[in-house]
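Make a model of the complete structure from these sequences and hints.
Each residue of the sequence shown is one higher than the one before, counting from 3 in my numbering.
Fair warning: there could be bad hints in the mix.
What the hints assert, rightly or not - Derived EDC-like pairs: lysine to aspartate or glutamate, alpha-carbon spacing no greater than 20 angstroms straight-line: (1) K125 / E55; (2) K125 / E49; (3) K125 / E135; (4) K125 / E76.
Quick caveat, the hints were computed from the structure, so don't treat them as lab data.
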Amino acid sequence: MRSVSRRALLRGGALGVAAVTVAGCAAEERVPPVAAPPDPETLLLRELIAGKERTVALYAAASARLEPFRQRHEAHLAELRRRLPPAPASAAATPAPSPTPSPSGSAAQGATSVRALRDLERKAAALRTRQIEGVSPPLAQLLASIGACEAAHALALSRSL
3 MRSVSRRALL RGGALGVAAV TVAGCAAEER VPPVAAPPDP ETLLLRELIA
53 GKERTVALYA AASARLEPFR QRHEAHLAEL RRRLPPAPAS AAATPAPSPT
103 PSPSGSAAQG ATSVRALRDL ERKAAALRTR QIEGVSPPLA QLLASIGACE
153 AAHALALSRS L
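Dropping the structure here:
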């Protein structure tokens, strides 16, 4: 039986530890990173922006006398976009979730009558109260202001019928 020197034993043990460490590191690298769930406020902002873009387009196709309404919606759109956080580099490759349908119904199908715009404004204003639940106070305040403006639009459009 051959005896093993202490030096050989230590060298062999060090090589074994190094092999296990390298194998452990390699295994860690193969695990895909866990994507963080999307921020609910960011998703809501994207949904709101998509809805406002549709509303602005409808007002742009409507009578020129409704230009002030379109301008207010463009101001809302600008503020919503300002609050949208920049997308991380990894999110650029991921498609954004499709927004929920706008509360426009027939207005989304190209009917840009004053009646359709009034209905759009009423539905949007009513939707804001549900969207406020669970959001940060600054976003809740913005949504309340937008909803108040939309309610005023609905009232003004009702008078013009």
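| field | Structure versus earlier hints - violations, ascending order | value | Of the numbered hints, all hold.
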